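> Going by the UniProt record's numbering, the first residue of the sequence shown is number 1, and it counts up by one from there.
Treat each hint with caution, since some may be false.
Unchecked claim - No farther apart than 20 Å at their CA atoms in a straight line, the calculated lysine to any residue pairs in the SDA-like style are these: (1) 2 / 228; (2) 32 / 75; (3) 27 / 41; (4) 74 / 9; (5) 32 / 8; (6) 3 / 228.
These are calculated hints, taken from the structure and not from any lab test.
On a predicted model such as this, the values are computed, not experimentally measured, just so you know.
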Amino acid sequence: MKKNYTENFHNGPGGWHGFQDNFVGPKALEYKDRSITSYGPWWIDYNHAPPHGAGYLSLLCGIMTRGPLNEALKESGGSNRFIEQNFSTDFTNAEFRIRLRGELLSRGSQVVLLIQSQQKEICSGWMLTGQPIKVQKTWTEHSLRLTPDASQWTSLGTRPDRADMYGELPLEDVLANVNVNLFLVLFPLDVRPMGDPGGDPDLLRPGRDYRVWQAYLPEGYVVVDSVSLALTS
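Could you put the whole structure together from the sequences, leaning on the hints where they help?
Next up, the structure:
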């Protein structure tokens, strides 16, 4: 398997896409001037709500690492060069590099890398919260090391009613086979109900079962013009 993945977006988004919500699924990012742009407002991903899960997050942009890909993924991301060129899904000790810029009112959140793996009928995600990515107006390049040091990572876990799909697998096992996707995400989100949510807000679905105050959520946009992954295993 190939081990040095590079995407410079010279020929489209290369499989990179955004995410609308649990019901619509993937959505296309703006593709312009050999770059991809993710604009807010972003969906509140409530699949990992507290206190059982890590908390709320928003998905900026990402790529599937293994197929098969449904029509919506092909339409939103175009040709997925990671899958087509058969890159390894063993990310243990890999170096992830990204060049980006943007304007972001983070409101307590940080941009971090999320990796996900499907094993034993469970999808397990880990976020590299120990190496956050700072977004600035000018282009900056960032290098992240994906080591199996659990102190650098936060497990997504799951809310109780999504335990049929999500859960927690050992970090080492997830890094060794990132066979679902990798995503840039905003975490954690400060989700505040607007008015009475009509029940426990963490058991309900913010943005769907009740309205939230947008003023406490991140705003802005993020532009990416190159991504690389140097795989060592």
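> Indicate, hint by hint, whether the structure satisfies it.
Hints, one by one, checked against the model:
1. Straight-line distance between C-alpha atoms of residue 2 and residue 228 comes to about 13 Å, which keeps the hinted pair within the 20 Å bound.
2. A C-alpha spacing of about 17 Å is found between residue 32 and residue 75, which places the hinted pair at or below 20 Å, so the restraint holds.
3. Between residue 27 and residue 41 the alpha-carbon distance is near 13 Å, which keeps this suggested pair within the 20 Å criterion.
4. Note on residue 74 and residue 9: the hinted pairing holds, with a Cα-Cα distance of about 16 Å set against a maximum of 20 Å.
5. Between the alpha carbons of residue 32 and residue 8 the distance comes to roughly 12 Å, so the proposed pair stays at or under 20 Å and holds.
6. Restraint check: the Cα-Cα separation between residue 3 and residue 228 comes to about 10 Å, which is no more than 20 Å; the hinted pair holds.
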